Amino acid sequence: MRVEGRSANEDRNMQDRPTIDELLTAVQSFLEREIVPRLDGRLQFHARVAANILAIVRRELQLQPELTLKEWHRLAALLSKQRQEPPAAPEGVAQEVRAWTEELCAWIRSAPMETLLASEALWRHLELTTKEKLAVANPRLLSSE
Amino acid sequence: MEQAEFANRVSSYIAEKTGAPRVDVLRLERLPGGASRETWGVEVRIATNGEQKSQSLILRRDPPGLHLPGQRWQEFELLRLAHEAGVPVPRVYWCESDPSYLGAAFLIMERVEGETIPRRLLRDEAYREARRALPQQLARALAAIHAMNWRGTPLEQLPMPPENQPASLFELDRFEQLYRGLSPDPHPVFELAFRWLRHHAEREERRTLVHGDFRLGNVICGPEGLRAVLDWELAHVGDPLEDIGWLCVRSWRFGHDDLPVGGLAKREEFYTAYEEASGWKIDRRRARYWELLGNLKWGVITILQLRGYLDGDGTNVERASLGRRTAEVELELLCGMKGEYS
Numbered sequence: 001m002r003v004e005g006r007s008a009n010e011d012r013n014m015q016d017r018p019t020i021d022e023l024l025t026a027v028q029s030f031l032e033r034e035i036v037p038r039l040d041g042r043l044q045f046h047a048r049v050a051a052n053i054l055a056i057v058r059r060e061l062q063l064q065p066e067l068t069l070k071e072w073h074r075l076a077a078l079l080s081k082q083r084q085e086p087p088a089a090p091e092g093v094a095q096e097v098r099a100w101t102e103e104l105c106a107w108i109r110s111a112p113m114e115t116l117l118a119s120e121a122l123w124r125h126l127e128l129t130t131k132e133k134l135a136v137a138n139p140r141l142l143s144s145e
Numbered sequence: 001m002e003q004a005e006f007a008n009r010v011s012s013y014i015a016e017k018t019g020a021p022r023v024d025v026l027r028l029e030r031l032p033g034g035a036s037r038e039t040w041g042v043e044v045r046i047a048t049n050g051e052q053k054s055q056s057l058i059l060r061r062d063p064p065g066l067h068l069p070g071q072r073w074q075e076f077e078l079l080r081l082a083h084e085a086g087v088p089v090p091r092v093y094w095c096e097s098d099p100s101y102l103g104a105a106f107l108i109m110e111r112v113e114g115e116t117i118p119r120r121l122l123r124d125e126a127y128r129e130a131r132r133a134l135p136q137q138l139a140r141a142l143a144a145i146h147a148m149n150w151r152g153t154p155l156e157q158l159p160m161p162p163e164n165q166p167a168s169l170f171e172l173d174r175f176e177q178l179y180r181g182l183s184p185d186p187h188p189v190f191e192l193a194f195r196w197l198r199h200h201a202e203r204e205e206r207r208t209l210v211h212g213d214f215r216l217g218n219v220i221c222g223p224e225g226l227r228a229v230l231d232w233e234l235a236h237v238g239d240p241l242e243d244i245g246w247l248c249v250r251s252w253r254f255g256h257d258d259l260p261v262g263g264l265a266k267r268e269e270f271y272t273a274y275e276e277a278s279g280w281k282i283d284r285r286r287a288r289y290w291e292l293l294g295n296l297k298w299g300v301i302t303i304l305q306l307r308g309y310l311d312g313d314g315t316n317v318e319r320a321s322l323g324r325r326t327a328e329v330e331l332e333l334l335c336g337m338k339g340e341y342s
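Read top to bottom, the protein sequences are chains A and B.
Reminder that position 19 of the first sequence reads as 19 in the numbering used here, one-by-one numbering, no gaps.
Reminder that position 214 of the second sequence reads as 214 in the numbering used here, one-by-one numbering, no gaps.
No wet-lab data here; the hints were simulated from the structure.
Misleading hints may appear alongside valid ones.
Pairwise CB distance ranges, derived in the manner of DEER restraints [to be verified]:
1. B:E275 to A:A111: 37 to 43 Å
2. A:S110 to B:S100: 50 to 56 Å
3. A:E127 to B:I117: 30 to 36 Å
4. B:T315 to A:E127: 32 to 38 Å
5. A:I35 to B:S100: 47 to 53 Å
6. B:G152 to A:E60: 53 to 59 Å
7. B:G41 to A:I35: 28 to 34 Å
8. A:A118 to B:G279: 39 to 45 Å
9. B:R151 to A:A106: 39 to 45 Å
10. A:E60 to B:R174: 31 to 37 Å
Given the structure is predicted, the values throughout are model-derived calculations rather than measurements.
Ideal Cβ positions, reconstructed from N, Cα and C, are used throughout, including at glycine.
Chain B with its partners taken away, still in its complex shape (with noise of 0.2 Å):
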């Protein structure tokens, strides 16, 4: 479809949905990134009995002939109901799952501004002030998303752990294969890792909403911090730990390995911000439990991207050096493995 013919669908959708006798689409361009979905960026003029109001728009798409309408609605389900939670999510307008307007499942939200590279959130001065804020923030928002009612709602749907065993082994379950299928090379630490996490597994204290991938690079932030949480499509249910482990994984402290929590903090002030805001008790031995599983799930992770390097033209540099980055997710795990936790 050429993009002008997108836009003028887009516009007669929008028109059809808010009953606007006229919508112009200003702007459509292509945002970067999302390789499972297309992200377009649409402004919009909608005018209705002589008022006209402009808006910013994200429309996620899902690539032609590859057609979810099952995972556009759970999408759309998760950010309506954080957003009724209290979690800062972009706005969700419209959900359509008929591929006769766009071509495949489309979901058409709120535009927040804002800044997602973690490293300049991290070091530019623009963002001292946010970097004081996020820690109590990202506290507050993810203990409001394990607060998230999930029974009895769409959210149902979604990848859950069976009922009588730790929600961990259902992690690691997902984990093992992918690096079983995917690494090229044989990773004794991994092998370890996998058997260790298995013989140390607990069943969780509650089982709750897990946004599954809640780290720098996943939320919008301005200079005074936190805006919005987006990238929900690893969420299920299970252990609220699992996420607070995952934002302590080494990869995303860039370098600031004195502030375990994303570069932004030490474990203490932000276990402290989200026992303040949940009302639950953090089991700190359990808490680095989720940390390791989650350096491991990391690992799996760089070996993944290994596999599309080997498997795509081989130009990327970028892609070709993660693999010998793997070695250091190993020294993470070796180290907490012997440290228990240390």
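Bound conformation, chain A alone (with noise of 0.2 Å):
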């Protein structure tokens, strides 16, 4: 269980300042600040898409536990899922969140096709989960709506 106000990294170990975050915010910034002005070409691009995998990747360790959380109790409610809580350990909420995808897929592709049109807890369900992925992503595009 995460307990309010400690960052992830001060949960699982003890290992002294600077957090993951912190440090990945330094070889981003110098990536960016340095590195990408002083090459140009393939080089460049390539440097500058290194640093948005490292934006990428901040935000999801941010955001992706309380995500996967959300998009577990959606599923949960969509495929009727006698479950209230889910699993304590976040790798068996992933776990069951791909399970359970895995499942509406099979649905989506049985399903008689007016009940998928009519489906508004599906589409909303999906509206929910691309946008979710995409705040890790690629923000901006959301920002752009």
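Two chains, two frames, a set of hints: combine them into the complex.
Structure follows, in structure tokens:
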């Protein structure tokens, strides 16, 4: 369980500062400010992509535990699971979300088209899940809408 | 084969074909891209009756070991017939399926100079006039491609959907098979999009030659605009609206989302130009259907690229980040399905 007010880093181990996020921030800014301006062409493009990948990793570390829990609750409701509480371990939640998403795919493949078109909960779930993925991968796309 | 030996063989091949007493290869360089097919730039000087003529050529060769003479001939015939039909394409000179010359089948064509990188075409000051002219020029080129006669020509060998079903189902089958075979993750939005597009499939109004990959990136431009349409590997017979939808796929806009047609034009401007050039009315709703299908195809291609990264050595940052772009396509698909193409 996460304890309020403590970072994920403090939870998991007893390493000294900087935290994971602080370390990643240092490398990301180094790439953006020092490396990218000194390169050109393909290398410059790849350095920019590398900095962006670090930004994705930072957002994922920060947001994913909560996003996966939200997805778990939505899938439980959508697939009428009798479970009230998600597994305690984050890995357990992620495993269940994956298994249930495969179940959802199988349902989409086999359900009558009219049912799929009429299921507001399905469309809502897909929209939220997609936007949650983008909140990690490319949040700029969400703000431009 | 060493480069010097390769150059020798190229010059004697051209001498044999032209009957010129002397052909010198001045330069021979491997050009980037084209994993499935080597592309070489060749500068030659051809001497005939005391006259000397320099020429820039492109040589495309199957990788040694992957001998596909049928595909070279298909590309040759496509380019030859496209030229006859008035489509701007490089002139093709020779196609050779005998591997004794260069170790594999190859094709030699004119080298058209110009820019192919979309971001430069959409951004650089040098291409301001090109950007103004391109919507009309692309519409005319596409209309000319769709007017090409394929029945009773070698183009009848191209992939073609069964006569009695919508051409879109043929495309959906191919890409659904790719998706099922390659995706490491479940994608409920793609599952829904496949169902949705099958449900809304309609028989096409006309069946024409389809370029299959018509977009910026696959055309050569100069400051004045379009010079040549390239990359005919995905050409097939189908619904001409497929090319129009594909040109409008979000990924080719490079951030210029207010200009859906390749970051160059509004849809209506392009549709109207195509209608004037072709004499065919575009069913707007069906053009948007094909645009949605195009976005789904692009989504499957991002998974294909991810697969390449996962199966590779894991060092290419560009490919690594592509897997995380699949969600952008999913958002586009959801908006398209919900808004009924709004």
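For each hint, the structure was consulted:
For B:E275 and A:A111, the hinted distance range of 37 to 43 Å is satisfied, since their beta carbons lie about 39 Å from each other. For A:S110 and B:S100, the Cβ-Cβ distance of about 55 Å falls inside the hinted range of 50 to 56 Å, so the restraint holds. Our hint of 30 to 36 Å for A:E127 and B:I117 holds, since their Cβ atoms are close to 34 Å apart. Range check, B:T315 to A:E127: about 35 Å between beta-carbon atoms, so the 32 to 38 Å window is met.
Checked against the hint of 47 to 53 Å, the C-beta distance between A:I35 and B:S100 comes to roughly 50 Å, which is consistent with it. Look at B:G152 against A:E60: about 57 Å separates their beta carbons, and that is inside 53 to 59 Å. Take B:G41 and A:I35: their Cβ atoms lie about 32 Å apart, and the range 28 to 34 Å holds. Checked against the hint of 39 to 45 Å, the pair A:A118 and B:G279 passes, with Cβ atoms roughly 41 Å apart.
Checked against the hint of 39 to 45 Å, the pair B:R151 and A:A106 passes, with Cβ atoms roughly 42 Å apart. Here the CB-CB span from A:E60 to B:R174 is close to 33 Å, well matched to the stated 31 to 37 Å.
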